[in-house]
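**Student:** Chain by chain, the residues:
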Amino acid sequence: MTNVSTTTTADPMIRLQRVEKWYGAFQALHDINMDVRQGERIVLCGPSGSGKSTLIRCINHLESYEKGEIRVGDTLLGHRSRDIDAIRRDVGMVFQQFNLFPHLTVLQNCMLAPIRALGLGKAQAEDRARSLLDRVKILEQAEKYPAQLSGGQQQRVAIARALCMRPKVMLFDEPTSALDPEMVKEVLDTMIGLAEEGMTMICVTHEMGFARQVADRVIFMASGAIVEEAPPATFFSNPRHERTRKFLGEILRH
Amino acid sequence: MGRDEFIFLLIGLKWTVVLSVVGFVCGSIGGLAIALLRTCGVPYLERLTAFYIGIFQGTPLLMQLFVVYYGLALVGLKLDAWIAVAIGLTLHASAYLGEIWRGSIEAVPRGQTEAAKALSIKYVSRMKDVILPQAIRISLPATVGFLVQLIKGTSLAAIVGFTELTRAGNIISNQIFEPLTVFGIVGILYFIMCCPLTILGARLERRFAMSAR
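Going down the list, the sequences are from chains A and B.
Following our numbering, the numbering of the first sequence begins with 1 at its first residue and continues without gaps.
Following our numbering, the numbering of the second sequence begins with 1 at its first residue and continues without gaps.
FYI, nobody ran anything at the bench for these hints, they're computed from the structure.
None of these values were measured; they are calculated from a predicted model.
Beta carbons are placed, not taken as given, at the ideal position from N, Cα and C, and that holds for glycine.
Take these hints with a grain of salt, some might be off.
[As the list claims (entries may be wrong)] Derived CB-CB ranges, DEER-like:
#1 A:K67 <-> B:V124: 46 to 54 Å
#2 B:P43 <-> A:F26: 18 to 26 Å
#3 A:E69 <-> B:Q149: 26 to 34 Å
#4 A:L118 <-> B:C40: 23 to 31 Å
#5 A:G78 <-> B:A73: 52 to 60 Å
#6 B:L197 <-> A:I192: 37 to 45 Å
#7 A:H79 <-> B:Q149: 37 to 45 Å
[Stated by the list, open to error] Derived pair list, reagent style EDC-like, types lysine to aspartate or glutamate, alpha-carbon separation capped at 16 Å:
#8 B:K78 <-> A:D11
#9 A:K122 <-> B:D80
#10 B:K117 <-> A:D11
#11 B:K152 <-> A:D90
#12 A:K168 <-> A:D11
#13 B:K122 <-> A:D11
#14 B:K122 <-> A:D90
#15 B:K122 <-> A:D83
[What the hints assert, rightly or not] Over the 12 Å line for every Cβ pair with chain A, so calculated as not near, a few chain B residues:
#16 V22
#17 E46
#18 L61
#19 R203
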C-alpha cells in the first residue's frame, strides 16, 4: 500500500464530538466521538439498526443531529445552507441503491453536478467525466442509460459520479449490499484502487475481507453507540467486548 | 343543417380551443407553483396550498365559474365573459394539476433527491434536472386525462352566457329543431379534439419508457 503521509495537518479532516441524534423519542446515536484524519480508511460495521448509516448520513447532512458537533475540514456542520453546500462539495457519497439518475446517460449523470454545483463548462465537465469513467473502467458505457447496465456497472458509475466533484472524503453506505455476489468484487476492487490512491474513506460495509485488506481502523457500532474501534489486525483477532465477539462470530460464520 | 350553421359551430369550437389552451397553459404555470409549494418542506405553506386545492377539488366547476364571473363583476371588474371563464378555468386547473404533480413529485424515489443533495446540487437545479423530468413522466397519464376533462369542462361556460361549442350547438339546435344532428356533430367535434390528445399522451409515454429502459 502506498505510503501516505497522514499527519502533515494536525487537525482531523472530520471530527465528531459528543454527537447525539433522535428520531422523535427514539435515540439513534449516543455520544458519538470520532476523528478521521486525511488519508485514513475507516470501516464502520455492526448489526442492523446500529446507527452506522445514520452516522455517515449526518456527515453530509442527509440527516440532521440534535446534540454535539460535526466538523468537516474547517467548517462546522450546522443548519446554514451555505455551509452544507460547501461540505457536500467536499464529501462524496455512494449509496446502497446506486441512485443514478435514470433519465440521463451515464456520461450526463457524471457531468450534471460539476456543471450545476461547481460551475464547470460543458466541455470541461465532459473531459473530467470521461477520465473518471475510464478510471473505474466503464468508459465504453458512457452513452448508455443506467437501466441498461448491471448492478456492478451502475455502482461503478455512481462512484465515478461522486469522484467528478473531486471530493476530499468519500462515504460509502453499504455499496455492495444490493449486488449479486459475482459483481461485488468489481466494486470492491474499484474502492481498493481509490484507497491505494490515498482517498480518505468511511465505508459502512459487511465485507470483512475488504476491511482486513484496506482499513486503517475498524469501528464497531451497536444500538447507536461506538462499542469498539481498533486496527483490523487487532479487531478481528482480539476483540475486547463481548458484543463485538458475538457480532464477529455471526458474520464470519459464512 | 347548412353551411352557415356549421360555420357558427366552428366559431364556437374556436372559443372552446382558446379557453382550453389558456386554461391549460396558465393552469400549468399555477399548478407547477402549487406542486412545488406543496412539497417545499415548509409546513404552513404546505397546509395553505392543501387548503387551496381542497376548495377547488371539493366544489363544482360550474359553481367556481359562477363565483368568478359574478364575483369579479361585484368587485367592480367588468371583464369579458371569456376572460372571467379563463380565470375560473385557470384556478380550477392549477388546483388539480398541482395535486397531480405533487403526487408525481413525491412518487420519485427519495434516493434521487438524496443523491442530488449529496452531489451538492441545489434546490432549483435539483428540481429542474433531476426530480421534475422524472415526475413529468410519472404524471403523464393523469395530466393528459385532466386535459381532456378540461376541454369538456369548457362547455360549462355556456351557463354564464359564453358562446363556446356546446352553447353554439344549443343555439343552432333551437333554430333548426334538429337536436340529434346538431349535438351529434358537436359530440364528434369534441371527440376530434380529445382523441388526438389521448393518442399523443400514449405516444409520449411510450417514448419516455423507451429512453428510460
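**Student:** Where does the structure disagree with the numbered hints, that is, which hint numbers, in rising order?
**Tutor:** 1, 3, 6, 8, 9, 10, 11, 13
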